[in-house]
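Enquirer: What follows is each chain in one-letter form.
2 protein chains.
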Amino acid sequence: MRKAVVLLSGGLDSATVLAMARQQGYACHALSVDYGQRHRVELEAAVRVARALGAVEQRTVRIDLAAFGGSALTDNSIAVPIQGVQKHGIPVTYVPARNTIMLSLALAWAEVLQAEDLFFGANAVDYSGYPDCRPEYMRAFERMANLATKAAVEGGRLTLHTPIIAMSKAKIIEQGVQLGVDYGLTVSCYQADAESRACGVCDSCRLRCAGFAAAGVPDPTRYYTAHA
Amino acid sequence: MRKAVVLLSGGLDSATVLAMARQQGYACHALSVDYGQRHRVELEAAVRVARALGAVEQRTVRIDLAAFGGSALTDNSIAVPIQGVQKHGIPVTYVPARNTIMLSLALAWAEVLQAEDLFFGANAVDYSGYPDCRPEYMRAFERMANLATKAAVEGGRLTLHTPIIAMSKAKIIEQGVQLGVDYGLTVSCYQADAESRACGVCDSCRLRCAGFAAAGVPDPTRYYTAHA
Numbered sequence: 026m027r028k029a030v031v032l033l034s035g036g037l038d039s040a041t042v043l044a045m046a047r048q049q050g051y052a053c054h055a056l057s058v059d060y061g062q063r064h065r066v067e068l069e070a071a072v073r074v075a076r077a078l079g080a081v082e083q084r085t086v087r088i089d090l091a092a093f094g095g096s097a098l099t100d101n102s103i104a105v106p107i108q109g110v111q112k113h114g115i116p117v118t119y120v121p122a123r124n125t126i127m128l129s130l131a132l133a134w135a136e137v138l139q140a141e142d143l144f145f146g147a148n149a150v151d152y153s154g155y156p157d158c159r160p161e162y163m164r165a166f167e168r169m170a171n172l173a174t175k176a177a178v179e180g181g182r183l184t185l186h187t188p189i190i191a192m193s194k195a196k197i198i199e200q201g202v203q204l205g206v207d208y209g210l211t212v213s214c215y216q217a218d219a220e221s222r223a224c225g226v227c228d229s230c231r232l233r234c235a236g237f238a239a240a241g242v243p244d245p246t247r248y249y250t251a252h253a
Numbered sequence: 026m027r028k029a030v031v032l033l034s035g036g037l038d039s040a041t042v043l044a045m046a047r048q049q050g051y052a053c054h055a056l057s058v059d060y061g062q063r064h065r066v067e068l069e070a071a072v073r074v075a076r077a078l079g080a081v082e083q084r085t086v087r088i089d090l091a092a093f094g095g096s097a098l099t100d101n102s103i104a105v106p107i108q109g110v111q112k113h114g115i116p117v118t119y120v121p122a123r124n125t126i127m128l129s130l131a132l133a134w135a136e137v138l139q140a141e142d143l144f145f146g147a148n149a150v151d152y153s154g155y156p157d158c159r160p161e162y163m164r165a166f167e168r169m170a171n172l173a174t175k176a177a178v179e180g181g182r183l184t185l186h187t188p189i190i191a192m193s194k195a196k197i198i199e200q201g202v203q204l205g206v207d208y209g210l211t212v213s214c215y216q217a218d219a220e221s222r223a224c225g226v227c228d229s230c231r232l233r234c235a236g237f238a239a240a241g242v243p244d245p246t247r248y249y250t251a252h253a
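Sequence lines, in order, name chains A and B. Heads up: the first sequence is residues 26 to 253, going by this note's numbering. Heads up: the second sequence is residues 26 to 253, going by this note's numbering.
Please note that a few of the clues may not be correct.
The list treats identical chains as one, so a pair stands whether inside a single copy or across any two.
[Claimed, not checked] Simulated crosslink set (SDA-like; lysine to any residue; CA at most 25 Å straight-line):
{"id": "1", "residue 1": "Lys28", "residue 2": "Ala91"}
{"id": "2", "residue 1": "Lys175", "residue 2": "Glu82"}
{"id": "3", "residue 1": "Lys28", "residue 2": "Thr250"}
{"id": "4", "residue 1": "Lys175", "residue 2": "Gly209"}
FYI, nobody ran anything at the bench for these hints, they're computed from the structure.
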C-alpha cells in the first residue's frame, strides 16, 4: 500500500482530506503541528480524527512560532477578530510562513517514510486572503520539494495533493459526509474552550456554520455561546 | 538600516556569512535552530558568535526533528561516520528536509521583522552530496518564498543570499579572517564534547582542518583527541 503524509489540524478541512486519502487507498501517516496556536483543543481533535478515520499513526511536532509573534493565532496581544471586523486584505489570523513550515515538516517525515505523497487541506476559497493557500504557491512548494530531498535526487517524485483547494465549505462537507467523516469530532474554532466547544462568532466558526447550512447537513458543533 | 535574518549554526560557515552580512551594512537578526542535533554545543557557539559579530539579536527555535529519525545527526541508532567510511552518495549525516525547515523558519521571522533579506551559509562544494545545498534548490526556495508571504503579495521581494555556496573551505576562511571572525568561537564537529572540543575525525572536522591548512591560517580548534 502506498504511504502518504497527511497534515491533520483537527479541523473540518483536514479531516475531510484524510478521509479522501484513505479512500484513494493510501496508508496515511497523520502529522499535526503544534505551533503555539491558541486553539490547542484542535490538536486533541486531531488525535481523535486520526483514529476514527483509520490513519496508520498520528504524530504531533511542537514548534514555537509564538517566539516570532505577528499573528492573532499565536500572539496574545493581538485580538482574534469577530464577525465583520475585517473585510479586506490579509487577516490578522494569518500566521507568517505557517503553511511553508508545516509542509516542510511533512516533507521531512515523508522522506524518512519513503512516502511520495503529501495531502494538505488548504483552501483558496475561504482563505482567499492567505498567500500560502493559493494554487500557485502550492505548485512552487512542490517544485522546491522535488529539488530538496535525497528521494528527489535519486529519481523519486513527490506529489503535493490539495484536493479541496477550490471547493466551497458546503462541497467539502458533502464530500466528507459521503466518506463517513464524523464532524462532531473536529474543532475549527479559533477560540474553542477546554471542552472543545466553539465560540460561534470567529471567522472560522462562521465559515463552518454557513457551510453546514448550505450543505443541508445538521451542524454537530457544540457551542459555548447562545448560538442559533 | 536594512534588516536581514541570518541562519547561524555556530559553525565556521555561518559565522563567516554573518560577518559578510554585517559588512554589507545589514542589521542582522541571527536565527539558530535546535533540531535535536547531537552537536548541541554548536548552539552555545551561536550565541557567542552572534555577540562577537554584532548581531542585533539571536534567537534559538527548538523543533524536534529527531521524532522523524533518519539521520546520524539526530538518530542515536545511526553512527556518525569517521574518515573514509563513505565516499559515494548522500551522507548519513544528511538530515531530511533540514534546510527547507530552517529556511522556512527564517522566512517566518523575516516576515514578522519586515526583513527582505535572508542569509544562509549553504555550501555546494563541501556538501555536494546534500540535495538541499545546491544552487538550483536555493533558487526554487526563493521563488516559493516570494509566493508564500503577506509581504510578497503586497509587493515586497525576498532575496535569499548564499554568498559562500561556491567557495572552497580555504576561501571561506580567508574571507572570514579578513572580516575579523574569531574561528576559535565556532564549533563544526559532529560530535564535539561538552567543552566544545572537537573530535578531529568526523567529516566536518576533516573539512575544517584541511581548510585552515589550505588557507595557511593557524587552526584555532581545540581537539579532545590527539589531533596533529
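Enquirer: Hint by hint, say whether it matches the structure.
Expert: Hints and how they fare:
1. Lys28 <-> Ala91: Between. Shortest inter-copy distance 20 Å satisfies the 25 Å Cα cut-off; intra-copy 32 Å does not.
2. Lys175 <-> Glu82: For Lys175 and Glu82, only the intra-copy Cα distance (24 Å) is at most 25 Å; the inter-copy one is 34 Å.
3. Lys28 <-> Thr250: For Lys28 and Thr250, the Cα distance exceeds 25 Å both inside one copy (41 Å) and across copies (44 Å).
4. Lys175 <-> Gly209: neither (40 Å within a copy, 33 Å between copies)
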